[in-house]
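> Input sequences plus hints: build the corresponding full structure.
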Amino acid sequence: MAGTTTAVCNSFKRDATFSGLHRFNQSRTFTATGVSTQTWTSVSALTGLAVGCFLSGSNVAAGTRVADILSSTSIFVSKASTGAIGTVTSVGDIFKLALIKVGPTGTYGAASTTYADITGNSDEVSGTGYTATGIALTNVDPSISTNTAITDFADVSWTSASFSTTACMIYNTTQNGPLATPACSTHDFGGTQTVTAGTFSLVFPTPDASNAILRVA
Amino acid sequence: MQPRIMITNGGTHPPEKHADTTAWKIVDLIRVPETPVDPALPEEDRLAIETNREAMRQLKATIEPQIAAVLVKHHGAVQHGERGKLKDHGHDRLTHDLDVADHVDVDAVLAEVNPLFAGTSVAVHFAKAEVHERLRDILNDDFTHAMKIERSTHADASKSLAPAKV
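So the protein sequences, as listed, match chains A and B.
For the first sequence, the residue numbers in the numbering used here are 363 to 579.
For the second sequence, the residue numbers in the numbering used here are 5 to 170.
Treat the hints as calculated values from the structure; they're not laboratory data.
Keep in mind it's a predicted model, so treat the numbers as computed, not measured.
Backbone N, C-alpha and C fix where the C-beta goes; we use that ideal spot for every residue, glycine too.
Fair warning: there could be bad hints in the mix.
If you only want the chain A side, here are some residues facing chain B, beta carbon under 10 angstroms, derived [stated by the list, open to error]:
id : residue
1  : Phe-380
2  : Thr-521
3  : Ser-524
4  : Thr-556
Encoded structure:
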């Protein structure tokens with residue numbers, strides 16, 4: 363039956379837990395040394411760094427990612443720096459939240475695998491203030507709460523908006539495996555939510571073992 | 005794992021709505037188990053557990069509006085303060101760092117919220133340093149969100165303006 367069920371997608375559970383295909387690390391900075399090289403030394407901190415994290419900063423080539431962690435103070439990156447590096451910003455994958463329209467033709471829930479499920483059915487919201495593909499999410503570092511791994515995002519808003527929606531999908535825009543735009547979870551809003559020339563905000567629940575938006579027990 | 009929706013037609017959320025949401029997040033730190041009480045327990049034990057749970061629910065229902073009442077003026081200060089900055093600096097304000105300290109002292113707000121828990125069954129929990137840190141994060145995050153909404157609304161209005169002639 364068409365519609366949305368609140369669920370963590372099965373493919374996400376498999377890929378996040380057993381294949382490392384999703385990185386939720388929040389943005390943070392560190393310093394390192396490296397002049398026109400892929401081997402960076404004197405890395406000030408590995409906290410929050412993981413293979414695949416995106417890197418940016420002065421003389422850091424666009425699209426550079428952590429390719430290997432060589433030691434507690436050294437990493438190997440995917441592209442050589444273009445000069446002397448200093449302070450570098452790292453961040454995990456880029457996640458987005460797409461809104462689903464009223465009366466969708468598709469079925470979304472645990473079996474959903476990709477954001478393309480929504481676009482394939484023309485089920486994404488369309489309206490003033492809403493941009494196709496949804497809104498980018500700001501990662502909050504994963505943590506542990508009562509034996510459960512959880513993660514969180516900063517609250518988001520659409521302003522000067524006019525649209526109606528019934529649900530949403532959180533998905534990863536960073537392709538780390540066979541699927542582009544792999545789905546993470548789907549959330550039913552419990553009815554039609556309509557905003558008219560105003561502000562539509564989505565507030566993420568308390569990040570704990572019982573309520574976090576994404577959690578693995 | 006359900007997000008909460010806030011909708012305000014015709015403009016940005018009023019301070020009251022922001023305050024309600026922040027208060028909701030804060031009282032959600034008071035965990036009330038909703039799993040069924042073990043039926044194998046003696047009746048008086050089950051009754052004691054249910055009574056305690058109900059007392060916690062009542063506490064949450066009582067304290068949430070009290071917290072919201074404290075926060076309204078601070079959310080108002082953030083909103084109006086950010087609008088003032090946007091009026092003074094125009095589009096340049098959109099490039100300034102998002103710093104809630106421009107409008108509010110988060111520690112001072114925390115000092116107003118904390119006494120609400122004194123004398124309650126959760127006073128010890130809310131006196132812990134790590135809980136204060138969590139409260140500080142919630143306040144900081146929500147004040148920042150309010151600033152973002154003001155900036156985004158300002159940017160939306162600017163799109164409708166014709167570009168300046170050179």
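> Against this structure, judge whether each hint is valid.
The hints, checked one at a time:
no. : hint    : in the structure
1   : Phe-380 : violated, 21 angstroms
2   : Thr-521 : holds, 4 angstroms
3   : Ser-524 : holds, 9 angstroms
4   : Thr-556 : holds, 7 angstroms
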